[in-house]
Each structure stands twice: as C-alpha cells, then as structure tokens.
Amino acid sequence: MSEVPQFTVRVDQNPYLPAGGREMHAIVTVEAHSSGGAGPKTGRAPAAEIIIIDTSGSMSYRGKMAAAKRAARAAVNVLRDGVRFAVVAGANQPRMVYPQAERLVEASETSRRGAVNAVGRLEAAGGTAIGSWLRLAERLFTGNDDDAVKHAILLTDGKNQHETADELDAALRACSGRFLCDARGVGTDWDVAELRKISSALLGGFLDVPDPADLEADFLAMTRAAMGKEVAGVALRVWTPRQARLRFVKQMVPAVEDLTDRRVESGTQTGDYPLGAWGDEAREYHLCVEVEPGDIGRQMRAAWVKLLAGDTVLASGNVLAEWTDDEAMSTRINGRVAHHTGQSELADAIRQGLEARREGDEDTATARLGRAVVLAREVGNEQISDLLDKVVDVVDPARGTVRLKREVAKADEMSLDTRSVRTVRTRQDDVGGGG
Amino acid sequence: MDADQYTHAGPCHGCGQPVRRDDRFCEQCGRPAPPSPHPQAQPGAPRTTRPAPTLTDAPTRTRAEHPAPTSPAPTSPAPPWPNAAHPAPTAPAPVPPAAPPGQVARPGRPVAAVVDTRADLPVIAECADCGGGVIGADGYCEQCGLRRPSSAREGRGHFEIDLGFLGAAVSDRGLRRRRNEDAVALAALPAGACGVVCDGVATAPGSDEASRRAADAAAAVLSGRVSVGVDARDATRAAAERAAEVVTSLAPSQNPDEAPACTFVSAVVDRAGVTVGWVGDSRAYWLAPGGSSLLTRDDSWAARMVDSGELSEAAAWADRRAHVLTAWLGADAGAVEARVTAFRPAVPGLVMLCSDGLWNHLPEPSALAAVAFAAGADGPAGAARRLLRAALDAGGHDNVTVAVIPYPTSREPGR
Chain L
1 MSEVPQFTVR VDQNPYLPAG GREMHAIVTV EAHSSGGAGP KTGRAPAAEI IIIDTSGSMS
61 YRGKMAAAKR AARAAVNVLR DGVRFAVVAG ANQPRMVYPQ AERLVEASET SRRGAVNAVG
121 RLEAAGGTAI GSWLRLAERL FTGNDDDAVK HAILLTDGKN QHETADELDA ALRACSGRFL
181 CDARGVGTDW DVAELRKISS ALLGGFLDVP DPADLEADFL AMTRAAMGKE VAGVALRVWT
241 PRQARLRFVK QMVPAVEDLT DRRVESGTQT GDYPLGAWGD EAREYHLCVE VEPGDIGRQM
301 RAAWVKLLAG DTVLASGNVL AEWTDDEAMS TRINGRVAHH TGQSELADAI RQGLEARREG
361 DEDTATARLG RAVVLAREVG NEQISDLLDK VVDVVDPARG TVRLKREVAK ADEMSLDTRS
421 VRTVRTRQDD VGGGG
Chain R
1 MDADQYTHAG PCHGCGQPVR RDDRFCEQCG RPAPPSPHPQ AQPGAPRTTR PAPTLTDAPT
61 RTRAEHPAPT SPAPTSPAPP WPNAAHPAPT APAPVPPAAP PGQVARPGRP VAAVVDTRAD
121 LPVIAECADC GGGVIGADGY CEQCGLRRPS SAREGRGHFE IDLGFLGAAV SDRGLRRRRN
181 EDAVALAALP AGACGVVCDG VATAPGSDEA SRRAADAAAA VLSGRVSVGV DARDATRAAA
241 ERAAEVVTSL APSQNPDEAP ACTFVSAVVD RAGVTVGWVG DSRAYWLAPG GSSLLTRDDS
301 WAARMVDSGE LSEAAAWADR RAHVLTAWLG ADAGAVEARV TAFRPAVPGL VMLCSDGLWN
361 HLPEPSALAA VAFAAGADGP AGAARRLLRA ALDAGGHDNV TVAVIPYPTS REPGR
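Going down the list, the sequences are from chains L and R.
Here the first sequence stands for residues 1 to 435, numbered as in full-length UniProt numbering.
Here the second sequence stands for residues 1 to 415, numbered as in full-length UniProt numbering.
Since the hints were derived computationally from the structure, they do not count as laboratory data.
Glycine included, each C-beta is placed from N, C-alpha and C at the ideal position.
Among the hints, a few may not be true.
[Claimed, not checked] The following label-pair restraints were derived from C-beta to C-beta distances:
(1) E382(L) / S312(R): 44 to 54 Å
(2) Q6(L) / R344(R): 43 to 53 Å
(3) E364(R) / E281(L): 51 to 61 Å
(4) S34(L) / R304(R): 49 to 59 Å
(5) V313(L) / R304(R): 49 to 59 Å
(6) T270(L) / E364(R): 51 to 61 Å
(7) T326(R) / S34(L): 22 to 32 Å
(8) G21(L) / R176(R): 22 to 32 Å
[What the hints assert, rightly or not] Far from chain R, some chain L residues (derived; all Cβ distances over 10 Å):
(9) R73
(10) Q243
(11) E257
Bound conformation, chain R alone (with noise of 0.2 Å):
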C-alpha cells in the first residue's frame, strides 16, 4: 500500500512510530491509535480522514462545500486509480470472515483485512477529547462519556467516493436529518467494482457506527473473495453475513432493545455480469438509456403486503406501515440470509445502489435514469451527485446514499 496516499498524523503514543491519520492502529506496536485530534477543524478542505482506511473509498471524500473535486487528495503524488484494469492492490488472499481479535495492521498486510479483523475488537479507539480515555466499541469514550464526533466519519453530513470510471458514490445527511446514518463502501476488482450501501435503521444508540461497519466489512469481504476467483453470489452471501455479525457484535450484551441495526444492499459487477444481494429496504437499480429496472425487492411490510396479494400496490404505500423494515442486520434480527440475484446485462448501463432516501422520493427506475442520463460523460460521479440532487430537490426527507458502478467496466477514464 502506498503510504504517500495518506497524511502524517503524528509520532504512535506507545512506540513513537509515525501513525497516519486515518490509522486506527499503530502499524508498529498494534496500539489503538488516536483519532484526528481536530476532525472538525477543517471545514472544505479534501479529506482522506476516516478511522479504516479501507482502499475501498480512500482516494478523494469531499465535503458538500466542495462537491466537484474529482482529483486525488492533495498528498497524493501520483493519481490513486491509474489507467487500468487492475488498478487496486486487492487483497492477495481470501480475507478471512473472521481473523481473531488481536489480528491488526501490520506493515505489508492488506489494509481490507483490518478493517475485517477490527469489529471484533472491543477497544476502538483512544479519546480525544480527555485525551486518555478508551473508547468502547458504541463509540463513548470510557472516561469522559463523549461520543467520538459523528462516529469517526466526523461530519459524515456529506462525503463521496470517486473510482473514477470504476464507480462512484455519495452520501448526504439530506436536509431534514440530524445526522447521517447511511454508509456507503466501494472497491475496485480486479475486472470490476463491488460496492454496499448500509443505512442505520434503529433509533439506538450507535446505528450509524453499525452501518459504516457493515458496509466496510462487506466490502472487504467482497473485495477479497471476488478477487481470489470466489463465486460473486457466494462472496455476496458472505459480505451479508459478515456485515450482520459486525452489526450483532456492537449490541450491548444485557440490553437487545439497544441494538443498532442496519440494511444491506451490495453490487458486483465485473466481466461475469452483475451479482445484487440484499437485506431490508435499500435497493439496487439497474439504469439503461433503453430500459431500467429495479434489481431488489424490499424486505419491507408494503412488499410483503403486495407479494402476498393482501393489498394492492397503492393501498400499501399509503398505509403507515409501509416501511417497517421485515428483515435486517442486527442482534434483534436473529439469523438473516441476503436474497441474492444476478444477471449479464445485454447492453451498458449502470448499477445504481441507494438508500430509500432516494428511492422514497424517485422510485421508479425510468425516472432515475432520465436523472442519470441527463448529462454527457461526467461519469459515474456525475451521475451519483444528479441522483442526490434529485433527492434534495425533491425534499431530502431522510439520509440519501447512492452508489453508481457502470457496467461493462470501461477501460477508458470516465472523466
């Protein structure tokens, strides 16, 4: 991994070693790092901040002030995707879906596997706010009892990833929203890109930390077993799996009405076609200028209700119920396999994941492309940052994540 694409955050407070920023652990000595003492000091400025660098979603995350930075992050020497096929040192190996606790970065080790390993941990973090406290794995500081700003995606309000031609994704508080509860991860394969979008669904404490997780952990899992030739929908059953146990470890032991939770959505498109898993309400499109469709059916009380034949279409929607979510990923949840589907699309088009904060105010997939389509090349960012727009125009209601990855990958920049 190439350190150049990260800023210097100071010398490790056990071993002195220099920590980067965005480490959660000393590469040296394996101690939890400190997060960025100031997270909130730098308001516009681009940012690779974030507690797991995953190469998931590293090279440039811009706040709303600056949507348009499409170039790498300033420390960057070198542009983080170069023109090719292969353009991320995935992981060599099979991630494993559970390395022990104790299992940190260590120099040399793909950075995929800690985020993986990292969940399991039940020490997060050191607090920067009284400076020696731990912080326990919802996010409070052990000591002082504040909560890490924002759960560690400090301002979380707005970021977006940018693959360049490989894909792209953007994540909005929306307007309505105190906080944004949505996570977004995207990865590059080796012929493609996966990507996984998590929106936080309970009112508990710490179901935004659970669905970065989620979706980081996913990812992860994604990335590393689509890239050792493991079956998409496989590896898709696996990121699920992964990702609720990430969610059902950060519940509280005694107390389940507690439990954060989250939904699941994932995309794997690569050369074999397009591969979409899901738990719960957030959905996968599929956006073509000849014909669009929905990949997903909800696990909600309105599509249970109209599957069912109970109801009809209109009637469930226009019921209160209509979003209580039929399944996922939580401790309360119990068990859940994802619902898996794929397919080998005839013509280009884009796989388009979002959180039902786009889809509430735009769900038919006509209506989508015509918002994705609109302009020319502006790639799969373009598109992502329309789709959003879209959504706050049309209220923002609620936190709004779309993740764009087109389909076949092209080898040309899409800039």
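Isolated chain L, as found in the complex (with noise of 0.2 Å):
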C-alpha cells in the first residue's frame, strides 16, 4: 500500500449513566490528512474509474444527452495519469464505448482524447437495465490491483425498467463490496427509493441533478474526490463488552446511512463495518450499545473502535460508560449526540413524511413534515428548511404546525427526497457538555 494518510478518531459523548442505565451513545468522528504535501500525482492508492452513462431513448430529450457527453468528457479530462479506465454506455445492455473491448486502459492523453472522442459519438437509443451495467462494471475491475480505489460513476434518468427488481438485487449483491459507485439521477423520471439503494450497496453517495446544466460541475467534483482517494478498502472494527449489544452503528456525515446490517463478525466480540475509499475528509458516526449495568463508580468500555484498512489499524478510540449517582451528571446529553440524533429524526420525518403524502395519506403526511420543519431548524440544516418550504406551507415554525401544499414541483419533492439524508456538521461551539 502507498503512503496512508494520517488517521484520527475522536470520541464525543457522555460517558455518564445512572444506576441501572444501560444505553450508551457516541459520535464516532474519523479524520484523514494527508500525509505532507504530496501532489496530486503521488503517494495515492492505485484508482481504477468506471463511467456509466445511461444512453436509453429518454435521454435524447431536454438536452440531457448533450449535458452527459460534457459531464463524462470533463471527468474523462480529470483522470490522473495512469489510473485505470473505462465509459460504459447503458441500455438494454451495456455497451464498452471507451476502450472497445473489455478491459480498463492506463489514463494518458492518447487514452484520455480517445475516451472523448468516442464519447461524443453516443447516441440514446434503448432502455434501462442498470443491473447489467453494473455487472459490466464489475467484470471489468475484476483482476485489478486489489489495493487500488474502484469507483464507477452511474448516471441515469429512468427507472430500472428493463430488469426485474430482483435482477437489480442480486447484481447489487454480486458488486458490493468490489467496488464503490457514486449515483446520479438527472432529469424527474428516476426512482429515488432505486438509486438510494444502488449507492448505499455500492458505499457511495446520491444526488439529484434536476437541471441537466449542472451535470458538468457534478461529474468533475465526483471524479476529483475518486482521485483523492487514498484508501481503499477501510473498515470500521468494533469491539463490545460480551453481554453488550451493538443496537446501531449509523453514518452521520456526509450523510445518514445506517450500517447496522453491514456488519461482518470478525472475532467473538467484534464486528467489521466496511466504509469503502478513504482520502483527505471526515466523517462521523453514531453508534449506540446497550451494556449490562455497572455498579455506582465502576467504569467500563462499552465500545472499542478501530479503523482499519486490511489488517492495519489506522487509529482507535474507547467508548466509556461509567455509573454514578449524579444525576446532573449521568443526564447531560452530549451536544454532537443530540445533534446527529436530530439529524436522523428529520431524515425519518422527511421520508415517512413524503412517502404518506405519495401515499394520500395527508395527516401522516402533515405531521411528518411538521415535525421535519421543527427539526431542520433545531439542527440547523438549511437547505433542507428550504427545501421543505417548497413542499409545505409552515404556520409555526417552532410548533411544526404545516399545510401541505397543493402544486409541487416534482424536481422539489425529489430533490426533498433525496436530500434528507445529507447532514450538516456540528460546529466545534455546539458540542459543549458532555465530556
């Protein structure tokens, strides 16, 4: 492995319960920095990048066509030197359109002007099995360095029509864990439930490109973050006490993605999470273990939890619980703990909210939605207060008391949808209390 950034793992919460509590909270928050200032070029894990381009008959309309050749051109231009590449065109079957046979070519500027040049000749024609193109995909990392960061782009504007749901699951099955895939829907005839499952299997994140204009800018952040992968393959262990139960274990940041399930036993008390590419970024986790109780002044280690990458720890931290009779102490509630719960809450609401209304079902829907809007404000997140103004009408804000509105644009109630899951940190002055 090449040079590995420096980890950091810090530990937020209150380590205080009081007689006979059991449930013990943290935010687990992990933290890369390069090491030195190495350019772009050096001291990085091998890459190897997939793009995907949906080329079904939809995208011929409202330029969306025209956008997605310049969006994968320009990430096409961002490859380093020598990573490993491929454009995949996708209908009905998926298509090599950059090299023609199936394998990955060493970015260079012959290969890089190559992929351009084929990628201008795509037209839309066909439908949509995105299963068979991630099984494409798939095939075409196999066999490569296994140290290097996998990553494919997924760019589609339809629903999965052309598969079976269950086609979609098994080959969902059959590439995780081979590499990480980053979605995006453009245009409002995808399936937000469908492309949410494709990046939370593939450890990627989703996104809502509702004006083809913008797919450009997306696609080159996308590919620039690929290339600033360091890691590949990182895992998060967790260590808890025999009679302890692990109850979750959720991502908060960037967005909210429950890794409960993921979870791989890796001795008697311990589980691997598997987190995918690691580069220059942070991210934070909640994690929730219900221990036996301790008596008054003991103290346990209700969690031990390591970052792995292979078998190397790259850093670790304690979750504490200790048992006291204060109860100013033992009901304090940690400030970044507070905040990430509220941050899962309103993702909830958001979800449970629009699903009702989807549904007909308007007072599940109103109080959801009103409970959202209490919430976003408590946490501060803006943007899905803005996005939320657009779906409902707030009478009290403070109260949550809504109305739903009757038009709404369907790009807002996607955009809605897909965004409830993006969190917002803590500010560094919010995590008082707690130690």
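Using the supplied hints, reconstruct the complex from the two chains, each of which is provided in its own coordinate frame.
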C-alpha cells in the first residue's frame, strides 16, 4: 500500500450513566489528513474509474444527452495519468464506449483523447437495465490490483424498467464490496428509492441533478473526489463487551446511512463495518450500545472502535461508560449526540412524510413533515428547511404546524427526498456539555 | 522476602499453589493471578492489598476511616521495619531498567524487580468481575469491558504508607475529585529512604494507572540503583526515564490523544544528602524550623512566564493558563529528562514531596514547615497527615499527596 494518510478517531459522548443505565451513545469522528503535501499524482493508492452513462432513448429529451456527454468528457479529462479506466454506455444491455474491448486502459493523453472522441459519438436509444451495467463494471474491475480504489460513476435518467427488481438486487449483491459507486439522477423520471438502494449498497453517495446543465460540474467534483481517495477498503471494527448489544452504527456525516446490518463478524466480540475508500476527509458515525449495568462508580469500556485498512489499525478510540448517582452528570446529553440524533430523526420524518403524501395519507404527511420543519431548524440544516418550504406552507415553524402545498414541482419533491439524508456538521462550539 | 507480611488469597488458577492477595502473578507458574475478588469489601480494615507488592510501601496502608494505625498489618507477626539502619532487603543487584517480558516473580527474587518488569507485559490480570476475562494494560477487561476498580489500588481514595522513622506518605482523593490520580511510592535505602510522587494529569483513561505504575517503577529503580552504590543523581535520571517508559507503554498505539500522562518528583535522602528530580509541577520542599525552601521549579506555563521575565509572579499565577504543564511523562511528551538538584543540609529537617493538591493551597515553604512541625514527636507520618489535613481544610480541590522523608536518617524510631 502506498503512503497512508494520518487517521484520527475522536469520540464524543457523555460517559455517565445513572444507576441501572444501559444505553450508551457516542459520536465517532474519523478524520484523515494526507501525509505531507504530496502532489495529486504521488503518494496515492492506485485507482480505477468507470464512467457509466445512461444512453436510453429518454436521454435524448431536454438536452440530457448533450449534457451527459459534456459531463463524461470533463470527468475523463481529470483522470490522472496511470489510472485505469473505461467508459460504458447503458441501455437494455451495456456497451463498451472506450476502450472497445472489455477491459480497462491506463489514462494518458492519448487514451483520454480517444475516450473523449468516443463519448462524442454516443447516441440515445433503448431501455434501462442498471443491474446489467453494474455487472459489466464488476467484470472490468476484476483482476485489477486489490489495493486499488475502484470507483464508478453511474448516471441515469429513468427507472430500472428493463430488468426485474430481483435482477438488480442480485447484481448489487454481486458488486457489493467489489467497487464503490456514486449515482446521479438527471431529470425527474428516475426513482429516488432505486438510486438510494444502489449507491447505499455500493458505499457511494447519490444526488439529484434536476438541471442537465449542472451535470458537468457535478461529474468533475465526483471524479476529483474519487482521485483524492488514498486508501481503499477501510473498515470500522467495533469491539463490544460480551454481554453487550450493539444497537446501531449509523454514518451521520456526510449523509445518514444505517450501517448496522452490514456487520461482518470478525471475532468473538468484534464486528467490521466496511466504509469504502478514504481520502482527505472526515466522516462521523453514531454508535449506540446497550451494556450490562455496573455498580455506581464502576467504569466500563462500552465499545472500542478501530479503523482498519486490511489488517492495519489506522486509529482507535474508546466509548466509555461510568455509572454515577450524580443526576447532573448522568442526565447531561452530549451536544454532538443530540445533534446527530436530531438529524437521524429529520431524515426519517421526511422520508415517512413524503411516502404518506404519495399514498394520499395527508394527516400523516402533515404531521411528519411538520416535525421535519421543527427538526431542520433545531439542527440548523438550512438547505433542508428551504426544500421543505417548497413542499409545505409553514404556519408555525416552532411548533411544526404546516399545510401541505397543493402544487409541488416533481423536482422539488425528489430533491427533498434525495437530500433528506444529507447532514450538516456540528460546529465546534455546539459540542459543549458531556465529556 | 518474608511471606508472612502478606495474606493468602487462595490457590493459583494454573498450578494450585497459594497465591498472595497482593500478587499479580503466581510465583510458581507465572500465571497472572486474579486480584482480590472483593476489593471493596473490607472498609476500614488495614490492608496490604495492592497488585504490586513492592517493598516500597507494603508495611501499612490504611484507609481514611482509620487514619491512625501505624502498627503493622495484623497478619504480620513482626514489625515490618525493625530498628535497624538497613531495614529492608533491598535489591541486591542493580535492577535492570527494562527486564524482558515474561520475567516474573520467582521465589527468592526481589519483588522490586517484578514491578520493574510488569509494565512491559500487555496482560496484567484476570478480571474479577466476569471471572475469565483478561485485563488489558489500560485496566479494562477484554471480555466484559469493566474496568478494574479504581485501577487496582481499590479505594485509592485515601491511603498511607508508613516506613516509621524513615519516612511516610499519604495520598487522598480530596474533596472535589471523583478519583485519585495521584500515586506515591516510598522505599528504604541502606542509609535512608527514597520516594516518588506522580500526579496523573490527562483526562485520558488510565492516568491513575499511569501514575501508579510510574511511581512504583521509579521507586524500584531508585532503591535498586542507590543500594548498589550508583550515584543518586544518575539513579534519579534513570528512575525518571524508566517511569516515562512505563507511562508511554500504556498509550494506545494508534491514538496518542488518549495517552495517559503524569508528573514526576523524586527524592533520595541518605547520608550523602538530598537529591531531588522532577518533571512537571509536583514539588519537593526542604522544611526545617530554621529556614525552608522550595527545591524544584515547576515545569509550568506560569513558571516559564516568570523565568523568561514576561510576567510578574502575581500576573503569571492569575492567568488561567498558569497550571498548564510544559513537561510531563507520557507518550505525547516525547523524550524528557528530569531536572535534578542535590544538596547537603547543614541542619536536620524534612524533605517533602507533594502534588499540586497541597501546594496550590499552601505554596509557601515557611507555611508548610509550620504545619509539618506543629506537633511534637509524631514522626514523618504525623507531619504528612497534618499537611494533608491543611490541604483539605483549605478546600481540597484536587487530589492531595504528600511524602515526608527526614534528614538525617534517624537511627531511632521516630514514633
């Protein structure tokens, strides 16, 4: 492995529990700093990149195809020399755009120019079968350096209509852990839940791009981020006491992602949670562990978190517990725990509210979206507050009294749905309290 | 070593040989021995319970509720410190500063060497709470997660060490703190005594464990080296170095932010005079009825500001950064060298080591001397207790630890 960035793990929690208390919450912040000022072409893990462009017939409307071509060309142009890459076109079947053979090529001035030309000749025709596209990507990545950061960009504008949901699920199972995939939906005909499932299974992010004109900037940012990854295959290993139960592990920053079910047992008391590749970035996780209560005054290690790359421990931190009869200490809530608890609930409230709205259950929709308005204000997530304003009329923002808007633009609803999981970081000064 | 000084806790899990309550390892097979199963079950009973029986403080230790007894532990048939200038079987050979792991107590081996060795071992005991787990170096059971009660010096809330006329020490949690992160060790020398006070400074888990191990290891090095004729200054530097190694070894390997840390102050008092070494802001004083003085110079922000002439004494101490340490022992401290000073007193007096829990309330040497010499001939233990009482009466904001070693070493019992 090439030079690994410097990782740190920080644990924020209130370690004090009342007599008989069992539930311990903690926010684990994992941050990596690149080792020294190495340029973008040195000191990195090898990388492989596949760009998958939806070329189904619907892409020809509203300038989507032209925008997708511009975006793909921009992405190709920022691939650094030596990165192995390919461009794939997706329809009823996937098709190699560049190179023509089913393989990856090393990025160079020549290959980038070849790929840009090939992208320019793309034409929209056919259907959408995303599972088959991903399977091709998986084949292309196979056999490459295992240490490499393998990343795909998936762009689609429609629902996965030309294969069954089971076929997609099977493809996701086959691809999961083999490469990472960020997904983008352009226009308003794609399915938020579908892209959420895909990017979540492949440890990536997903976003809506309502205006095709924004695609180019978005692809550039995604590719640059992928090129910035320095370690592939990072995992969070969590040790818990023998009698304890790890209730959940959620990624909270950059977006809410419940990792609880991704646990892979790695020892009698440890489980690993795959986190994908890591660059110069920070992510935050919310852990909740239920422990056997100890006597007043006793201390416990309620969880021991380690960040692993392969078998190398990059950093570690302790979630502690201490039982006290001092109520002032045990009732205090750590600022970061409170913040992230609020953001989790916010994401849930939006998802449930929009679902109820689609199903015509206006009472539930009104209640949940009203709750979301309150929470978004509390956690200071202004982007979500603004998006909620496009879906509901806020009567009383403090109490969460809202009315559902009669006319809501499809793009606004999808945007709110997509972005409901995107969180804001706590400010340092919010952290006070707890210890 | 006279085994009668110790109580028997039961058979070894490994080989069935009797294991003393104090033992961390079976002397027969070397298997880690469980700590006393009910460490807090004997409030008030004079106890010798502790995991690392050095000769440094074995004789008596009492809890706060029974402050006075200076008599030997009930299981001890003979006074632990007979009337002799060479009261203790100190290590006959130099203690290796870093004995290889696995070299544990064997019959006949000086116990001080065990202390020196043990810190290198990653595994230190079996968990008394779940019965089967192994307790890691940071004190947490690797199975049930519980931390060994108050890092094995169960109820370190208050304890005393009494070497009779050779010296005494007392350590107390104070009135505001939940834990005592101070530690102290005393050891007899062929012609005097040595002592070490360490004050756990980090909020990281394990600073109490760090201070305890640092003090024990340093006392073992001091007594071992001085007994075989090593110069007290060199022994002091070696002791600080060893203590630093021990504390550093407790740091989680990947997370220096959680590295435990502590201060260090030591004194060697024998016929040659007084030798003091320190890192951090724990202090040594010379207390004598005719004139007392501070022997150390704090490694702290305030001291640095005053020394560099940037601030007046008053202004420096008024700043909230006054107490920030500029040197300490710990993985995040890098290499440290103790500052060492030595002198030969012209008159009899007391060398007093203390954590900032005492000197914060009572910084003036003359005031400390007034407290120490307030009563008649109640010996070092009386002086140490009075100094503790003065700190508690002044508010007891922090852990308070005081060690008192008289000079010259009296051949008479000081009680």
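Here is how each hint holds up against the structure:
1. E382(L) / S312(R): 44 to 54 Å: With Cβ atoms ~49 Å apart, the hint holds.
2. Q6(L) / R344(R): 43 to 53 Å: holds (51 Å)
3. E364(R) / E281(L): 51 to 61 Å: holds (54 Å)
4. S34(L) / R304(R): 49 to 59 Å: The hint (49 to 59 Å, Cβ to Cβ) is violated, given that S34(L) and R304(R) are roughly 34 Å apart.
5. V313(L) / R304(R): 49 to 59 Å: violated (37 Å)
6. T270(L) / E364(R): 51 to 61 Å: holds (55 Å)
7. T326(R) / S34(L): 22 to 32 Å: holds (31 Å)
8. G21(L) / R176(R): 22 to 32 Å: For G21(L) and R176(R) the Cβ distance comes to about 24 Å; the hint holds.
9. R73: holds (42 Å)
10. Q243: At about 7 Å from chain R, Q243(L) fails to clear the 10 Å cut-off, so the statement is violated.
11. E257: The assertion about E257(L) holds, with a minimum of 25 Å to chain R.
In this structure, the earlier hints numbered 4, 5 and 10 are contradicted, and the remaining ones agree with it.
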